[in-house]
Amino acid sequence: MDHPTMRAAVVAALADVESLHTKLNSLLADIDGTDVVVDLGRQGLWTKAQVSLLWSRVNHLPGVRALFEVTAERPDEKITFTEVIQRSGLQERQQSNEHAALSRISSHLFKEKRWPIDNSQGGSDSTTGKAEMLYWMDSRVAEWWRDITQ
0 MDHPTMRAAV
10 VAALADVESL
20 HTKLNSLLAD
30 IDGTDVVVDL
40 GRQGLWTKAQ
50 VSLLWSRVNH
60 LPGVRALFEV
70 TAERPDEKIT
80 FTEVIQRSGL
90 QERQQSNEHA
100 ALSRISSHLF
110 KEKRWPIDNS
120 QGGSDSTTGK
130 AEMLYWMDSR
140 VAEWWRDITQ
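Here numbering that gives the first Met the number 0 is used: the sequence shown runs in plain steps of one and ends on residue 149.
No incorrect hints appear here.
Under the rule of at most 25 Å between Cα atoms (straight-line distance), these lysine to any residue pairs were calculated in the SDA-like manner:
#, residue 1, residue 2
1, K110, G40
2, K129, S95
3, K112, A99
4, K112, I147
5, K129, E76
6, K112, Q93
7, K112, G40
8, K77, M132
9, K112, D15
10, K77, D124
11, K110, A12
12, K129, N96
13, K47, R103
14, K110, S51
15, K47, I147
16, K112, R145
17, K112, A130
18, K77, R139
19, K112, A12
20, K77, K129
21, K77, R145
22, K112, Q90
23, K112, G122
24, K110, V37
25, K77, G128
26, K47, D75
27, K110, W54
28, K112, R41
29, K77, K112
30, K112, R64
31, K112, L133
32, K112, L52
33, K47, L133
34, K112, D38
35, K110, R56
36, K47, D146
37, K47, I104
Read the hints as simulated data drawn from the structure, not as lab findings.
Let the sequences and hints guide you as you build the complete structure.
Following this line, the structure appears as structure tokens:
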């Protein structure tokens, strides 16, 4: 095996170990009852510690901050992409870029693209004909986030 291939294999193995470590810690916390684990379906299992870790890496991004703020203010309620843009003051493209950054950072931390905020494609707006993304935050995650940011 050549050097670059071997190095890539070692880096991938380290990433797998880190991901396994995170998952086992979450499982242990769940077993011990020391931390609540919230199952967000396709967004995976989340603990307050994981939300805190992710937030510490993305809180400098105004678009991500706006996404967290507006969904935490109205937990379990669907928020439109337009509402997030109104909060952030960013252009559509920049807001989308910051969502992509959130995905990259989460993937780096947890070895899979997942957010503590769920999302889905909404229906088309009757006036514009444009479909936009909808976002919502579980009320328990919203409570964690408010605790983390105070």
